[in-house]
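Undergrad: Sequences and hints are given; from them, build the entire structure.
Protein chains: 2
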Amino acid sequence: MAALDALRARLAELTDLSLLGHLAAWDQRTMMPPDGSPARAHQLSTLQRLSHERATADEVGEWLGELESTGDLTDVDRDLVRLARRDWDRDRRVPIDLAAELAQAGAEGQDVWQAARAADDFSAFAPALRRNIELARAYAACFADEFAGPYDALLADYDFGLTAARIQEVFGRLGEALPPLVAEAVQRPAPAPLQVPVAAQQAAVTSTLARLGVLPDSWRVDVSAHPFSTNMGQRDSRITTRYEDGQLESVLAAMHEFGHSLYERQIAPELARTNLGHGTSMSVHESQSKLWENHVGRNPAFAGVIAGELTAGGFAVEPSTLLAALGRVQPSLIRVSADELTYPLHIVLRFELELALIEGRLDVADLPAAWNDGMRRLLGVEVPSDAHGVLQDVHWAAGAFGYFPSYALGTLIAAQLWEALEAAAGSQDEALAAGDVSAVRRWLADHVHHVGRRLDTEPLVTAATGRGLDVEPFLRHVTHVATR
Amino acid sequence: MAALDALRARLAELTDLSLLGHLAAWDQRTMMPPDGSPARAHQLSTLQRLSHERATADEVGEWLGELESTGDLTDVDRDLVRLARRDWDRDRRVPIDLAAELAQAGAEGQDVWQAARAADDFSAFAPALRRNIELARAYAACFADEFAGPYDALLADYDFGLTAARIQEVFGRLGEALPPLVAEAVQRPAPAPLQVPVAAQQAAVTSTLARLGVLPDSWRVDVSAHPFSTNMGQRDSRITTRYEDGQLESVLAAMHEFGHSLYERQIAPELARTNLGHGTSMSVHESQSKLWENHVGRNPAFAGVIAGELTAGGFAVEPSTLLAALGRVQPSLIRVSADELTYPLHIVLRFELELALIEGRLDVADLPAAWNDGMRRLLGVEVPSDAHGVLQDVHWAAGAFGYFPSYALGTLIAAQLWEALEAAAGSQDEALAAGDVSAVRRWLADHVHHVGRRLDTEPLVTAATGRGLDVEPFLRHVTHVATR
Numbered sequence: 001m002a003a004l005d006a007l008r009a010r011l012a013e014l015t016d017l018s019l020l021g022h023l024a025a026w027d028q029r030t031m032m033p034p035d036g037s038p039a040r041a042h043q044l045s046t047l048q049r050l051s052h053e054r055a056t057a058d059e060v061g062e063w064l065g066e067l068e069s070t071g072d073l074t075d076v077d078r079d080l081v082r083l084a085r086r087d088w089d090r091d092r093r094v095p096i097d098l099a100a101e102l103a104q105a106g107a108e109g110q111d112v113w114q115a116a117r118a119a120d121d122f123s124a125f126a127p128a129l130r131r132n133i134e135l136a137r138a139y140a141a142c143f144a145d146e147f148a149g150p151y152d153a154l155l156a157d158y159d160f161g162l163t164a165a166r167i168q169e170v171f172g173r174l175g176e177a178l179p180p181l182v183a184e185a186v187q188r189p190a191p192a193p194l195q196v197p198v199a200a201q202q203a204a205v206t207s208t209l210a211r212l213g214v215l216p217d218s219w220r221v222d223v224s225a226h227p228f229s230t231n232m233g234q235r236d237s238r239i240t241t242r243y244e245d246g247q248l249e250s251v252l253a254a255m256h257e258f259g260h261s262l263y264e265r266q267i268a269p270e271l272a273r274t275n276l277g278h279g280t281s282m283s284v285h286e287s288q289s290k291l292w293e294n295h296v297g298r299n300p301a302f303a304g305v306i307a308g309e310l311t312a313g314g315f316a317v318e319p320s321t322l323l324a325a326l327g328r329v330q331p332s333l334i335r336v337s338a339d340e341l342t343y344p345l346h347i348v349l350r351f352e353l354e355l356a357l358i359e360g361r362l363d364v365a366d367l368p369a370a371w372n373d374g375m376r377r378l379l380g381v382e383v384p385s386d387a388h389g390v391l392q393d394v395h396w397a398a399g400a401f402g403y404f405p406s407y408a409l410g411t412l413i414a415a416q417l418w419e420a421l422e423a424a425a426g427s428q429d430e431a432l433a434a435g436d437v438s439a440v441r442r443w444l445a446d447h448v449h450h451v452g453r454r455l456d457t458e459p460l461v462t463a464a465t466g467r468g469l470d471v472e473p474f475l476r477h478v479t480h481v482a483t484r
Numbered sequence: 001m002a003a004l005d006a007l008r009a010r011l012a013e014l015t016d017l018s019l020l021g022h023l024a025a026w027d028q029r030t031m032m033p034p035d036g037s038p039a040r041a042h043q044l045s046t047l048q049r050l051s052h053e054r055a056t057a058d059e060v061g062e063w064l065g066e067l068e069s070t071g072d073l074t075d076v077d078r079d080l081v082r083l084a085r086r087d088w089d090r091d092r093r094v095p096i097d098l099a100a101e102l103a104q105a106g107a108e109g110q111d112v113w114q115a116a117r118a119a120d121d122f123s124a125f126a127p128a129l130r131r132n133i134e135l136a137r138a139y140a141a142c143f144a145d146e147f148a149g150p151y152d153a154l155l156a157d158y159d160f161g162l163t164a165a166r167i168q169e170v171f172g173r174l175g176e177a178l179p180p181l182v183a184e185a186v187q188r189p190a191p192a193p194l195q196v197p198v199a200a201q202q203a204a205v206t207s208t209l210a211r212l213g214v215l216p217d218s219w220r221v222d223v224s225a226h227p228f229s230t231n232m233g234q235r236d237s238r239i240t241t242r243y244e245d246g247q248l249e250s251v252l253a254a255m256h257e258f259g260h261s262l263y264e265r266q267i268a269p270e271l272a273r274t275n276l277g278h279g280t281s282m283s284v285h286e287s288q289s290k291l292w293e294n295h296v297g298r299n300p301a302f303a304g305v306i307a308g309e310l311t312a313g314g315f316a317v318e319p320s321t322l323l324a325a326l327g328r329v330q331p332s333l334i335r336v337s338a339d340e341l342t343y344p345l346h347i348v349l350r351f352e353l354e355l356a357l358i359e360g361r362l363d364v365a366d367l368p369a370a371w372n373d374g375m376r377r378l379l380g381v382e383v384p385s386d387a388h389g390v391l392q393d394v395h396w397a398a399g400a401f402g403y404f405p406s407y408a409l410g411t412l413i414a415a416q417l418w419e420a421l422e423a424a425a426g427s428q429d430e431a432l433a434a435g436d437v438s439a440v441r442r443w444l445a446d447h448v449h450h451v452g453r454r455l456d457t458e459p460l461v462t463a464a465t466g467r468g469l470d471v472e473p474f475l476r477h478v479t480h481v482a483t484r
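Chains as they are written, first to last, in the numbering used here: chain A, 1 to 484; chain B, 1 to 484.
No wet-lab data here; the hints were simulated from the structure.
If you're wondering where the values come from, they're calculated on a predicted model, not measured in any experiment.
Worth double-checking, as some hints may not be accurate.
[Unchecked claim] Derived list of chain B stretches under chain A, where covered just means 3 residues or more per stretch with a C-beta under 8 Å from a C-beta of chain A:
#1 16-22
#2 29-40
#3 212-221
[What the hints assert, rightly or not] Selected chain A positions facing chain B (Cβ under 10 Å, derived; list incomplete):
#4 27
#5 32
#6 37
#7 39
#8 43
#9 186
#10 189
#11 220
#12 234
Where is the CB? At the ideal position from N, CA and C, for every residue including glycine.
TA: As structure tokens, then:
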């Protein structure tokens, strides 16, 4: 099996290069002095070019051809070959010049966007956005024979197997069911916002994470402008949070990032250093962060634990006060600060718009008006300026189309997994009240994490819950939140 | 000039990979959770293997052949081609199996050594040392036609162009002149050791480094078990220090590491991302750290500055008291804690012994006795146990022969450069007393740093000082220290 050994060696090499890229990016966001940027950009680009060259080399195709005509593979190796073929085919379909243009346009687009947002001037951003859309369509055209439409081809980079039609179906139900719930929730008196000193937040982050299993032997917790999670190997997880205001975003963001990291840590060790040894998709990844943020962190049963840690950290608070603050519903302009109930509606809007842009049904010039209409329709808010509207997110500026849906899909999958988990392992109320998450970790390991990339999003959800992607568990969850 | 472009692109790539290796090693020593080790070992080994493959590829030889027959190169490009040829030839002469065996024996040797040192049992270490010596001789034999003896071939990895004969000449003078100075110094009453609280040390490290030019825009200062310096690019310098006892090692170690980093930062920017864009040799590198440690940090004119920073940090001390503590001379068993005057004698001994081992004139079984004899002869101390004698250093366990001389050579070159600097730029006493090191930085940039790897050790020393390697400036310096 020389071909299998060669393929596995190449996949191990690519994993190592990818993890070095994780390290370089983590360092850039947490440790690097600012003047290190130009050299770091060179290093990252060299890493990417070398990885691409080694991933798409002719010899990989030869090994795959040989292995595909072999009957004698284990189940894991069959999946390994299947995914390696998929990745190799996709990577090789994109002409090198187009890939370079995409990277450059994405980088330039972010610079242009930053200036345009600061100046609240959509027209300054429009040409860059137009170019990104054209390039995304050119990219999608590389896979024209494989997908029903260009958006599906883009989606495949984030969530292989999902389609625009499937998302329309799911998001249609959200767009219909959520607004009345929001309208009902805002009728209730708003709880007073908390003003938690940073020291108490830090104490609560540290001690809450320790309860979840974040030990210094194999974790780091740092601070960055935007919280994120990464890993340099299965036993080297690094998450960040931020302490910006008196709210408890620090604790919830830390739990969110913990969810991403736990996923990577609990993948079967025998998949490490292969193409199967990481999270399967953006939306499943997001389901893991959302599960810990929404279903553990905001769980009434867990409120006593966080309140206790805050109290021990010097900020005395009642669990019920904390819970009310965490459950506050308020339609607002900005996605990243939206609450649990309104958040998916921000995504529904972005999906509708980017689908129309990519399919050529919406012109860039008409985008701001379409944005503002959608915000009125879905969230009932008036957008006062493009800076607080269509210019708020970096994704389109960076050329990332098809990425947004995973944020809402993850939220839905989280609710669906949580129902399945409690159905199988029993109510977690008692365990959570005692700060014990071991059953949650174990169920996720067995039903979601362990399999790595061997199952794509919807097959994985089906295997874990017995049903395909389903909106109802999330709607039940938020109905409960909105009416408790 | 397609060959030149191709060569420069490859050298840029190799630089990026090497800087990623710096990052991975820095992270491992300062930030990485301990359980990250196995994955990090994979990443480093992949990086090394890929770099070796890309550095020694056939096409590099083709580009070099083409460029060597071109008359039309700039001075820089001629040096670039000359050094690329040297590196390519050296790398390709070592059979891949031997390189792997060297790496493995070095790693295993360190494990064996650690256990043997803990058990104070030289005989447990002897077989590993014997194997390392044999492999080092096999490695040297790859270059047999280019060097007068095997030790010279090993030396070329650290200090290209230096020879055992030249070092014997220099160290012979040291071995003759230093012991009487030491004997004289120890007759004088020993100053009381300082007991400086860690907080005051930290304040002094931070503010002293800031005076030298360590600004957060492009530097980091962290803590590690052994102080070191590294860089991720010319504008991203990272040094570490440690706070282990009540002494001032923390401040001097920080200045030492600053010297290493400043060297890399002040290399001509047009040499960045080429094979010429880093320090030229181990001994010149060590000369830069020693210059800042010995000639600035321990300078009577600078004592008021450090004393002032310590006082501001909460530990009131007179400059004269500080200076006396920093200038204390005391022959001792352990190299890494030796003073300025006795330190080179530790190196003279190691050089004599490793030269004899590599040349086959000394058997491993006779090494402990030879060590103890040498310590008596050179430093007048009795070695009570191998753990405090021949087993104290990791270098031979790791298979590094030819490395030790650079520690003493650097000390000598530092003194020689300092004399030349003050002869050219005038006495620095007044500037140092005011905490102003700008003239020192500038002179070093122009006469040592700027040229990068374009000159080897001794040609560089000659260009900077008008003379080849010379022991007398160091002897004048320590005579002054010993008698002030």
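Undergrad: If a hint holds in the structure, say so; if it does not, say that too.
TA: Status of each hint after checking the structure:
1. With a threshold of 8 Å between beta carbons, the proposed coverage of the segment 16-22 of chain B by chain A holds, since 4 of its residues qualify and at least three are required.
2. Counting residues of the segment 29-40 of chain B whose beta-carbon sits less than 8 Å from any beta-carbon of chain A gives 9, enough to reach three: the coverage restraint holds.
3. With 5 residues carrying a beta carbon less than 8 Å from a beta carbon of chain A, the segment 212-221 of chain B meets the three-residue requirement, and the given coverage holds.
4. Annotation: residue 27 of chain A was flagged as interfacial toward chain B, and the flag holds, the nearest CB pair being 6 Å apart, inside 10 Å.
5. Because the smallest distance between the Cβ of residue 32 of chain A and any Cβ of chain B comes to about 6 Å, under 10 Å, the interface hint for this residue holds.
6. Of the supplied interface hints, the one on residue 37 of chain A holds, with its beta-carbon coming within about 8 Å of a beta-carbon of chain B, less than 10 Å.
7. A cut of 10 Å between beta carbons decides the hint on residue 39 of chain A: the least distance to chain B is about 3 Å, and the hint holds.
8. Residue-level restraint check for residue 43 of chain A holds (minimum Cβ-Cβ distance to chain B is 5 Å; threshold 10 Å).
9. For residue 186 of chain A, the interface hint is violated, the least distance from its beta-carbon to any beta-carbon of chain B being 44 Å, above 10 Å.
10. Residue-level restraint check for residue 189 of chain A is violated (minimum Cβ-Cβ distance to chain B is 45 Å; threshold 10 Å).
11. With its C-beta approaching chain B no nearer than about 6 Å, residue 220 of chain A sits inside the 10 Å limit, and its interface hint holds.
12. Satisfaction of the interface hint for residue 234 of chain A is found here, the shortest Cβ-Cβ separation to chain B being roughly 7 Å, below the 10 Å cut-off.
Consistency with the previously given hints fails for numbers 9 and 10, ordered from lowest to highest.
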